[in-house]
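Given next are the chains, with one letter for each unit.
There are 2 protein chains.
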Amino acid sequence: MKKAILLIIDGLGDLPTPKTPLQAAKKPHFDKLAKEGITGLLSPISPFVVPGSDVAHLNLLGYDPLVYYDGRGPLEALGLGMDLKPGDVAFRANYATIDGETVTDRRAGRIDTQTASALSKYVPMKIDDVEVLFKNSAEHRGALILRGPGLSSKITPTDPHDPSGHFEGAHATSKEGAKTARIINEFTSAVRIRLSQAVENQGRQKPANIVLLRGAGSFNTAPSFSTRFGISGVCIAGGALYKGVSKFIGLDIIDVPGATGDKNTDLKAKARATISALSNYDFVFLHVKGCDSAGHDGKFDEKKKMLERIDKELLPSLIKSGAYLIITGDHSTPCSRKAHSGHEVPLLVWGDSERIDGVKKFDEISCMAGGLGHLQGKDVLPLILNLIEKSKKYGS
Amino acid sequence: MKKAILLIIDGLGDLPTPKTPLQAAKKPHFDKLAKEGITGLLSPISPFVVPGSDVAHLNLLGYDPLVYYDGRGPLEALGLGMDLKPGDVAFRANYATIDGETVTDRRAGRIDTQTASALSKYVPMKIDDVEVLFKNSAEHRGALILRGPGLSSKITPTDPHDPSGHFEGAHATSKEGAKTARIINEFTSAVRIRLSQAVENQGRQKPANIVLLRGAGSFNTAPSFSTRFGISGVCIAGGALYKGVSKFIGLDIIDVPGATGDKNTDLKAKARATISALSNYDFVFLHVKGCDSAGHDGKFDEKKKMLERIDKELLPSLIKSGAYLIITGDHSTPCSRKAHSGHEVPLLVWGDSERIDGVKKFDEISCMAGGLGHLQGKDVLPLILNLIEKSKKYGS
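Going down the list, the sequences are from chains W and Z.
The end of the first sequence is residue 464 by the working numbering, with every number in the run present.
The end of the second sequence is residue 464 by the working numbering, with every number in the run present.
Note that these hints are calculated values from the structure, not bench results.
Treat the hints with care, as some may be off.
Just so you know, same-sequence chains aren't split out, so a pair can sit in one copy or run between any two.
[Said to hold, decoys possible] Here are the simulated DSBU-like cross-link-like pairs (lysine-lysine), alpha carbons at most 35 Å apart as the crow flies:
| id | residue 1 | residue 2 |
| --- | --- | --- |
| 1 | Lys247 | Lys406 |
| 2 | Lys71 | Lys373 |
| 3 | Lys247 | Lys428 |
| 4 | Lys153 | Lys94 |
| 5 | Lys247 | Lys103 |
| 6 | Lys461 | Lys367 |
| 7 | Lys87 | Lys446 |
| 8 | Lys428 | Lys243 |
| 9 | Lys243 | Lys70 |
| 10 | Lys461 | Lys380 |
| 11 | Lys460 | Lys331 |
| 12 | Lys94 | Lys428 |
| 13 | Lys406 | Lys461 |
| 14 | Lys222 | Lys70 |
| 15 | Lys70 | Lys388 |
| 16 | Lys373 | Lys331 |
| 17 | Lys429 | Lys243 |
| 18 | Lys388 | Lys243 |
| 19 | Lys222 | Lys458 |
| 20 | Lys87 | Lys331 |
| 21 | Lys429 | Lys461 |
| 22 | Lys243 | Lys461 |
| 23 | Lys247 | Lys461 |
Work out the full structure: start from the sequences and follow the hints.
Given below as structure tokens:
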């Protein structure tokens, strides 16, 4: 039985200044794979569309976001281990500091996780026939769920976009959202009162005196990965979003101690977990976050070093695993932009008896000449199924 | 008037072990065409989708299988020269040997065509308001048509998928299929009795005592090729399926004596028929089967030899014909997999005044650098129409 590892390096692609981090990195294992495999360039959604990590991952894993995506909230909530029921509306939530109608700190003075956890008892409540559920994660972050009849994701976020921090409350963006907007506004007023009175906030210069919401999404179940594609799969990731996407599509999740989702993540531990998972699963989705964070911070050297760590600490084990390797990114995060971009990401496929092109290095420029050409995110799962001979034939 | 020949080499693409059959073959004419023409790689449906020959041919000939395909049965029946009426449900059929509820030989001991023909008088019958029509072809094979009101293709095949050979009968896969499943099951019981008593089966160790059905498809007419594309076309092929596809889309069919659809097919006769057809038609669809069969049998040398025969016995005449040549496959059938795969097939376009790329050989690896890039099956007919200046302009 053939098996496959899909390694998604978050924010992999970059722009040349004059080299890209991939071009500048010392990466003998990436280049060995490029030389012995076949390469190309991938638009995670379609050419030049700038994707969020949520829709990019859904698409790469075979779930068209136009069908299966309705905001990041449900994916974050699932990733934090919350249970969702169809009809629930979920949000990304964060503690913040508000003074009058101005949000003065979106992160409540980068509140520590312990205090945030202690405050979390003040958040859940019931408003009319709607239950409000909450779970905090690291620091100011968390997820919030509304559960009750007649809810909708057709509302504006309460987290201000405006750098002035002007707080507006939620508005319905269509008629269906009216009830949800009202519930959110009542919740926000109530939680402000509770948090302002909380002993845990006494003496804090930046009290966590409001919970801001964004990424509203209505939850609906999706058909499972194994039912749709006929293979068993598992996710190994640090970040909540990637676990949430995996839980949503019915992949199992292996929690790896030390897989932190940041630049200090224990890549060797992730490699060991991947090898071990291959005895139980046909397919491993392995996610590494650090390059994206470095891109967002504009830190070229940090992104380059992360790639070198992946080359040294992760790839040797994967190469010895006996599985087919598919390596790509969910989008580009150029250091010069400090943001996601719509540039293609390099794509590499390596394994026994596959066609081999003439590309000898794994980077944005070399892969332009790759034998796979220019692919789109939706092509990745068919590619993997064909590789491990698990495609369902169309026609006869 | 410009004319075009579309040569489809069934199962053309392969994987390197370490060369592909195309790379290993001595094929000066293929390579001359690559050198003087333009090349690329083609996904017969979309990237990495594994196609059956039926849907692939429809797509290459400009008929979207999502619109025009409902199972292989009607195409096989048409290919055997049976007439179909809208609403008919047709199947691929084969004589088999059944013992109790176990199919012990799917091919009834590879029954000879003469005995199979003699048995065919026992198969047609009328059940309630449904007529059952049957025609045998070579050996155990044939096609069966149900004609009557309220029929549907929404039923399971009676040919067991299970290697155990457990026979189940037909089940409706949706409400519409209920009547058809019942008719099929009554037919199967009746034909078992008739065949078991047939004198032609006396003394046979593996009696042909059941007719198994698969590939159910409901027949509907399609708009004709000449109406849709404004050119006249003809098919030259050995196999029933390819003639059936052609009949379905309204191509004329030239039966070539010696075009057997196997490795011994008379390629020179097919070449002569092609040249002759060019005086009456704008477009010739020329099909060669042998490479696919060799791939299914895992016979690398046989596939290589078939390619060498095409190079030697077919291409020289086509080159001299004065027509544009478009050469590709309907899918890959790698010898190492003994099955269709989702890998691209090489594509070659050759003719007067067309653009020329730098590719000098016709194979899976060389064509990665082709000037046509990566195309899909749906692009082939527009390519041909553009080549011979018969495109209908879009806009004005």
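Tested hints:
When the C-alpha separation of Lys247 and Lys406 is checked against a cutoff of 35 Å, the pair qualifies neither within a copy, at 37 Å, nor between copies, at 59 Å. With identical chains, the CA atoms of Lys71 and Lys373 are at most 35 Å apart both within one copy (29 Å) and between copies (33 Å). Within a single copy, Lys247 and Lys428 get their C-alpha atoms no closer than 58 Å, and across copies no closer than 60 Å, so neither meets the 35 Å cut-off. For the homomeric pair Lys153 and Lys94, neither the shortest alpha-carbon distance inside one copy (47 Å) nor that between copies (63 Å) is at most 35 Å.
Neither within a single protomer nor between protomers do Lys247 and Lys103 lie at most 35 Å apart by alpha-carbon distance, with minima of 58 Å and 58 Å respectively. Proximity of Lys461 and Lys367 under a CA criterion of 35 Å is satisfied inter-copy only: 22 Å between copies versus 45 Å inside one chain copy. Taking identical chains as interchangeable, the C-alpha atoms of Lys87 and Lys446 lie at most 35 Å apart whether they share a chain (29 Å) or sit on different chains (30 Å). In the homo-oligomer, the alpha carbons of Lys428 and Lys243 never lie at most 35 Å apart, since the shortest distance is 56 Å inside one protomer and 56 Å across protomers.
In this assembly of identical chains, Lys243 and Lys70 lie within 35 Å of each other by CA distance neither inside one copy nor across copies; the values are 51 Å within and 38 Å between. Proximity of Lys461 to Lys380 under the C-alpha cut-off of 35 Å is restricted to the inter-copy arrangement: shortest distance 33 Å between copies versus 38 Å within a copy. When the C-alpha separation of Lys460 and Lys331 is checked against a cutoff of 35 Å, the pair qualifies only between copies, where the shortest distance is 28 Å, while the shortest distance within a copy is 39 Å. Taking the shortest Cα distances, Lys94 and Lys428 sit within 35 Å of each other both inside one copy (14 Å) and across copies (28 Å).
Within a single copy, Lys406 and Lys461 get their C-alpha atoms only as close as 43 Å, which misses the 35 Å cut-off; across copies the closest is 14 Å, which meets it. Taking identical chains as interchangeable, the C-alpha atoms of Lys222 and Lys70 lie at most 35 Å apart only when they sit on different chains, with a minimum of 33 Å there against 44 Å within one chain. Proximity of Lys70 and Lys388 under a CA criterion of 35 Å is satisfied intra-copy only: 14 Å inside one chain copy versus 47 Å between copies. In this assembly of identical chains, the alpha carbons of Lys373 and Lys331 lie at most 35 Å apart only when taken from the same copy (9 Å versus 55 Å across copies).
Taking the shortest alpha-carbon separations for Lys429 and Lys243, neither the intra-copy value of 54 Å nor the inter-copy value of 56 Å comes in at or below 35 Å. Proximity of Lys388 to Lys243 under the C-alpha cut-off of 35 Å is found in neither arrangement, the shortest distances being 56 Å within a copy and 51 Å between copies. Taking CA atoms no more than 35 Å apart as the test, Lys222 paired with Lys458 passes between copies only; the shortest distance there is 25 Å, against 39 Å inside one copy. With identical chains, the CA atoms of Lys87 and Lys331 are at most 35 Å apart within one copy only, with a shortest distance of 21 Å there and 42 Å across copies.
For the identical chains of this complex, Lys429 and Lys461 are neighbours both inside a copy (33 Å) and across copies (30 Å), given an alpha-carbon limit of 35 Å. In this homomeric assembly, Lys243 and Lys461 come within 35 Å of each other (Cα to Cα) only across copies, at 25 Å, whereas the closest approach inside a single copy is 44 Å. Within a single copy, Lys247 and Lys461 get their C-alpha atoms only as close as 47 Å, which misses the 35 Å cut-off; across copies the closest is 28 Å, which meets it.
Hint check: violations occur at hints 1, 3, 4, 5, 8, 9, 17, 18; the rest are consistent with the structure.
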